[in-house]
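**Q** Construct all of the structure, not just a fragment, from the sequences and the given hints.
Line by line, the protein sequences are chains A and B.
According to this note's numbering, the stretch in the first sequence is residues 1 to 466, in order.
According to this note's numbering, the stretch in the second sequence is residues 1 to 382, in order.
Where hints are given, some of them may not hold.
Distance condition first, Cα-Cα at most 25 Å in a straight line; then the derived SDA-like pairs of lysine to any residue [what the hints assert, rightly or not]:
1) B:299 / A:234
2) B:7 / B:299
3) B:88 / A:384
4) B:299 / A:207
5) B:163 / B:199
6) B:107 / B:64
7) B:88 / B:107
8) B:283 / A:384
One side of the interface only, derived from the structure: several residues of chain B facing chain A at Cβ under 8 Å [what the hints assert, rightly or not]:
9) 77
10) 270
11) 279
12) 282
13) 283
14) 304
15) 307
Residues of chain A clear of chain B, computed beta-carbon distances all greater than 10 Å [to be verified]:
16) 90
17) 98
18) 101
19) 139
20) 189
21) 232
22) 348
23) 398
24) 402
25) 405
26) 411
27) 455
28) 456
Bear in mind the hints are in silico, worked out from the structure with no lab data behind them.
For every residue, glycine included, the Cβ atom is placed at its ideal position computed from N, Cα and C.
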Amino acid sequence: MSKSARLAVIGAGPAGLSAATLAAELGLDVVLIDEQASPGGQIYRALAEAPAKRIDLLGDDYRRGRALLRALHTSGAEYWPDTSVWSLDQNRTLGILRAGRAAMLQFEQVIIAGGAMERPVPFPGWTLPGVMNLGAAQILLKSAGVVPAGGTVIAGVGPLLLLVARQYLRAGVAVKAVLEISPRSNMLRAAPHLLRATAGGSYLRRGVKYTADIMRAGVPIHYGVSRLRAHGDRHIESVEFASHGWRGRCDRMLATDSLLVHFGVTPRTSLVCAAGGRLAWDTSLQCWRTQVDQWGNTSVDGIAVAGDAAGIGGAISAEHSGRLAALAAASSLGHITAAERDRLSHADIAWRRKDLRIRPFLNALYRIPPEFLVPDDATIVCRCEEITAGQIRAAVREGHTDPNQVKFLLRCGMGPCQGRQCASSVAHIVSATRQIPAAACAPFRVRPPISPLSIEQLAELSMADE
Amino acid sequence: MTNATAKIFDTVIVGGGLMGSSTALQLALAGQRVVVLEKDHPGRHASGSNAGGLRRLNRHPAEIPLAVAAAEMWRNIAALVDSDCDVKLCGQVRVAESTADLEMLQKRVALVRSLGYEHEQLIDRDQLYRLVPTLAPHCLGALYAAGDGFARPYHTLTAFRRKAESLGVVFHSGHRVQALEQLAAGWRVVTEHGGFTGRTLVNAAGAWADRICALLDEPVPMTVGAPMMMVTERLPHFLDLVVGAASRMLSFKQMQNGTVLIGGAHLAAHDMAHETTAIDFTKLRESARTVRALFPHMKSVRIVRAWAGLEAFMPDRLPVISESARAPGVFHAFGFSAHGFQLAPIIGRILAEHITGRPGPLRLEAFRIERFNTTNAIAESQ
Numbered sequence: 001m002s003k004s005a006r007l008a009v010i011g012a013g014p015a016g017l018s019a020a021t022l023a024a025e026l027g028l029d030v031v032l033i034d035e036q037a038s039p040g041g042q043i044y045r046a047l048a049e050a051p052a053k054r055i056d057l058l059g060d061d062y063r064r065g066r067a068l069l070r071a072l073h074t075s076g077a078e079y080w081p082d083t084s085v086w087s088l089d090q091n092r093t094l095g096i097l098r099a100g101r102a103a104m105l106q107f108e109q110v111i112i113a114g115g116a117m118e119r120p121v122p123f124p125g126w127t128l129p130g131v132m133n134l135g136a137a138q139i140l141l142k143s144a145g146v147v148p149a150g151g152t153v154i155a156g157v158g159p160l161l162l163l164v165a166r167q168y169l170r171a172g173v174a175v176k177a178v179l180e181i182s183p184r185s186n187m188l189r190a191a192p193h194l195l196r197a198t199a200g201g202s203y204l205r206r207g208v209k210y211t212a213d214i215m216r217a218g219v220p221i222h223y224g225v226s227r228l229r230a231h232g233d234r235h236i237e238s239v240e241f242a243s244h245g246w247r248g249r250c251d252r253m254l255a256t257d258s259l260l261v262h263f264g265v266t267p268r269t270s271l272v273c274a275a276g277g278r279l280a281w282d283t284s285l286q287c288w289r290t291q292v293d294q295w296g297n298t299s300v301d302g303i304a305v306a307g308d309a310a311g312i313g314g315a316i317s318a319e320h321s322g323r324l325a326a327l328a329a330a331s332s333l334g335h336i337t338a339a340e341r342d343r344l345s346h347a348d349i350a351w352r353r354k355d356l357r358i359r360p361f362l363n364a365l366y367r368i369p370p371e372f373l374v375p376d377d378a379t380i381v382c383r384c385e386e387i388t389a390g391q392i393r394a395a396v397r398e399g400h401t402d403p404n405q406v407k408f409l410l411r412c413g414m415g416p417c418q419g420r421q422c423a424s425s426v427a428h429i430v431s432a433t434r435q436i437p438a439a440a441c442a443p444f445r446v447r448p449p450i451s452p453l454s455i456e457q458l459a460e461l462s463m464a465d466e
Numbered sequence: 001m002t003n004a005t006a007k008i009f010d011t012v013i014v015g016g017g018l019m020g021s022s023t024a025l026q027l028a029l030a031g032q033r034v035v036v037l038e039k040d041h042p043g044r045h046a047s048g049s050n051a052g053g054l055r056r057l058n059r060h061p062a063e064i065p066l067a068v069a070a071a072e073m074w075r076n077i078a079a080l081v082d083s084d085c086d087v088k089l090c091g092q093v094r095v096a097e098s099t100a101d102l103e104m105l106q107k108r109v110a111l112v113r114s115l116g117y118e119h120e121q122l123i124d125r126d127q128l129y130r131l132v133p134t135l136a137p138h139c140l141g142a143l144y145a146a147g148d149g150f151a152r153p154y155h156t157l158t159a160f161r162r163k164a165e166s167l168g169v170v171f172h173s174g175h176r177v178q179a180l181e182q183l184a185a186g187w188r189v190v191t192e193h194g195g196f197t198g199r200t201l202v203n204a205a206g207a208w209a210d211r212i213c214a215l216l217d218e219p220v221p222m223t224v225g226a227p228m229m230m231v232t233e234r235l236p237h238f239l240d241l242v243v244g245a246a247s248r249m250l251s252f253k254q255m256q257n258g259t260v261l262i263g264g265a266h267l268a269a270h271d272m273a274h275e276t277t278a279i280d281f282t283k284l285r286e287s288a289r290t291v292r293a294l295f296p297h298m299k300s301v302r303i304v305r306a307w308a309g310l311e312a313f314m315p316d317r318l319p320v321i322s323e324s325a326r327a328p329g330v331f332h333a334f335g336f337s338a339h340g341f342q343l344a345p346i347i348g349r350i351l352a353e354h355i356t357g358r359p360g361p362l363r364l365e366a367f368r369i370e371r372f373n374t375t376n377a378i379a380e381s382q
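**A** Shown next, in the form of structure tokens:
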């Protein structure tokens, strides 16, 4: 392994690809580290190997990634696939696992482009087999062409519901219903942002077109869905929900052995937390994100975050923020002057600003209603340790008043997922129980390794200075 | 709390960890009005993040009487705090991997016997492998204490706190001590949320105890360390006892939920300005190598989490359990040097006995703060 690389970029999605490419073009010694076998991140997953027919199925958004991959190959950046990062400290020492070997390497600059994860939203029955995240299902489609054979119900919020429903319909999968949970009141919240959003590009036109395509195929789309429940003994057998039409509430039940859910995406923050970087509660995203400046610099010297890991902006904005972080790193390392950095960044800053215009509108339109953020007592919140919302409320009432104390007492957040699945739910429950803003809660302290490491791998760990 | 009389107590305890909470509970049982001032939240550091060992095995001779008395209290802990604290008295062993180890353990048994105690015994190879069947085959025997075991630290702390609260003790989180003012009869403890007055002051401030000593003009050669621990994924049950080793740093046990907790007092890096710790993977690697050597079946088991808690260490690795030599009405209980958990119930009782003027039979000479009482001793240790 190279020990001389001065910049490590973690994550080969659009932000990481752009950051590594530009940094290498500026003459930096850069290594791009990614846990996947091929570059592209989640959005352009398995793009390099995908057969032409699957690329046609997935559409233009997917195809866009090809230009990014080509640029990386010609940039001279070193690329380490199949490499997971299990630790990062404030001295920019990175713990990696590659081909089963653990090593610690120190870098002068680190750009984290860890992307986003699907927002975990606990509802009754969400842990039943057959209930799956929509994004994960889409990855199966992208990487292996796998689809739910017996048809599916798609529930949650946002444009991905429509996008995947349309992809499934084109692949011949029976979509039984699309259940959109954002309440009609969100329209009122979103309306003030509409004017700026329409200036933001093609997002809205596509939303309208997808909706029309799905309805034309005869798939019912229910809006303002509440009381979502998955039923079944060992596997999901049906989904129950209430839809709120113009004629009032209507309770429904659909038989299905597959329910795909998606409640938007939230920034992945474990790595920056492990390094001691500060987070900020984002009231519009309803979750934590990394605190960064316009270049992506975090509160830890030499560690930047680019792309969705710093706040949800989508793939195009991620490319711009990756380039901005690369410019800042090149300037910090003395490859370009601050004046050159500023001059080279004008276009990216302008483009990113334009691209982000849609976000206030989308965040307001697809805001998760409190019913879903603060589940009822019987619902499991921490899947690893099987801790319910009721146990968390009881702990708060007994004086364990912040999420870390709740974690100490109940072990929620101490399982193999390290709290990634329950952190924001615990914060929402603590804040609702204490009637304080979620921003007043401290995020879970993150303990390494952030992805599991075996006893043998730790015993054989090689250190940078050995 | 605007009413001044509401802030007058018999005893003000600084530190809401296990020692402070245990002392508060015993004082409340003796009828005192007590307030506990905690700068963060109870159990934020060592008391919430230690390994939870209940161990008389291999203690310093001066600590044995306390550890034995504490063991009596742990056996019946629910009678004291209305919770079993998840205590598991499964036994602890300290294994010998060489004849030199074995000789060391034999001497230990002889020492313990000479002091009049029977709780530690030597077991042979066959007995050891009956107790710990998955242990690597090279071990020769072990020191064994049948009634030792472990408990869950944060649950224990919570049980002590809640019981104390039920008896009227007031706990204040987020109350960092800014100043100590000596009154005609007692002390006023100043925090950013106001002053708290008591006839007696208890310093149970853990890794911050030396700062309280400094406010009392009673410097101590205390240092701070952060022992590291790691925990694995859940495994099928394979181990009942807590396993240590004669010549390695190790504490190894399987918890009730199947996870394996691995300690051994390798120290993390720490930063007292930010009150944070950072795992030192070079040292944690030693822990992993020790585990691999003694439990080879653990090789492919995944480590889920590693952490460290800030603790106070004394140069002689014995705690300070002592009336202040300088400040009347002040009692210290700190510097447990990473083995205080087991002593917590008896420390509370001892301090309460001394504070209420009814000292019991346990001797505290070895733990007096005066033992560091020369400026030279402090200079040397730093």
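**Q** Each hint needs a verdict: does it hold in this structure or not?
**A** Consistency of the hints with the structure:
With a CA separation close to 33 Å, the supplied pair residue 299 (chain B) and residue 234 (chain A) exceeds the 25 Å bound. Between the alpha carbons of residue 7 (chain B) and residue 299 (chain B) the distance comes to roughly 55 Å, so the proposed pair goes past 25 Å and is violated. Under the criterion of a C-alpha separation no larger than 25 Å, the hint pairing residue 88 (chain B) with residue 384 (chain A) is consistent with the structure, at around 24 Å. For the proposed pair residue 299 (chain B) and residue 207 (chain A), the alpha carbon gap of about 51 Å is over 25 Å, so the pair is violated.
Between residue 163 (chain B) and residue 199 (chain B) the alpha-carbon distance is near 23 Å, which keeps this suggested pair within the 25 Å criterion. Distance hint between residue 107 (chain B) and residue 64 (chain B) is fulfilled; the C-alpha atoms sit about 16 Å from each other, no more than 25 Å. About 28 Å separates the Cα atoms of residue 88 (chain B) and residue 107 (chain B), which puts this hinted pair outside 25 Å; it is violated. This hinted pair does not check out: residue 283 (chain B) and residue 384 (chain A) have alpha carbons roughly 28 Å apart, beyond 25 Å.
Interface hint at residue 77 (chain B): violated, since its Cβ lies 18 Å from the closest Cβ of chain A, which is beyond the 8 Å cut-off. For residue 270 (chain B), the interface hint is violated, since its Cβ never comes within 8 Å of a Cβ in chain A; the closest pair sits about 13 Å apart. The closest approach between the C-beta of residue 279 (chain B) and any C-beta of chain A is roughly 6 Å, which is under the 8 Å cut-off, so the hint is satisfied. Proximity of residue 282 (chain B) to chain A holds as hinted, the smallest CB-CB distance being about 6 Å (cut-off 8 Å).
Violation of the interface hint for residue 283 (chain B) is found here, the shortest Cβ-Cβ separation to chain A being roughly 11 Å, above the 8 Å cut-off. Taking 8 Å as the C-beta cut-off, the interface hint given for residue 304 (chain B) holds, the closest approach to chain A being about 5 Å. Among the interface hints, the one on residue 307 (chain B) holds; its C-beta lies about 5 Å from the nearest C-beta in chain A, closer than the 8 Å criterion. Non-interface call for residue 90 (chain A) relative to chain B: violated, since the shortest CB-CB distance, roughly 7 Å, does not exceed 10 Å.
With a cut of 10 Å on Cβ distances, residue 98 (chain A) stays outside the contact zone with chain B, its closest approach being about 16 Å. Non-interface call for residue 101 (chain A) relative to chain B: holds, since the shortest CB-CB distance, roughly 13 Å, exceeds 10 Å. The claim that residue 139 (chain A) lies off the interface holds: its Cβ sits roughly 23 Å from the closest Cβ of chain B, which is beyond the 10 Å cut-off. Even its closest Cβ contact with chain B, about 35 Å, leaves residue 189 (chain A) beyond 10 Å, as expected for a residue assigned away from the interface.
The beta carbon of residue 232 (chain A) is kept farther than 10 Å from every beta carbon of chain B, the shortest such distance being approximately 25 Å. Every Cβ of chain B is farther than 10 Å from the Cβ of residue 348 (chain A); the closest lies at roughly 34 Å, confirming the non-interface assignment. A cut-off of 10 Å between C-beta atoms contradicts the statement that residue 398 (chain A) is not in contact with chain B; the least separation is 7 Å. Interface exclusion of residue 402 (chain A) from chain B breaks down, the closest Cβ pair being 7 Å apart, not more than 10 Å.
Annotated as non-interface, residue 405 (chain A) brings its C-beta within 10 Å of a C-beta of chain B; the closest such distance is 6 Å. Distance check on residue 411 (chain A): its Cβ comes as close as 8 Å (rounded) to a Cβ of chain B, failing to clear the 10 Å threshold; non-interface status is violated. Distance check for residue 455 (chain A) against chain B: the nearest CB is about 5 Å away, which does not clear 10 Å, and the non-interface claim fails. With a least beta-carbon separation of about 4 Å from chain B, residue 456 (chain A) fails to lie farther than 10 Å from that chain, contradicting its non-interface assignment.
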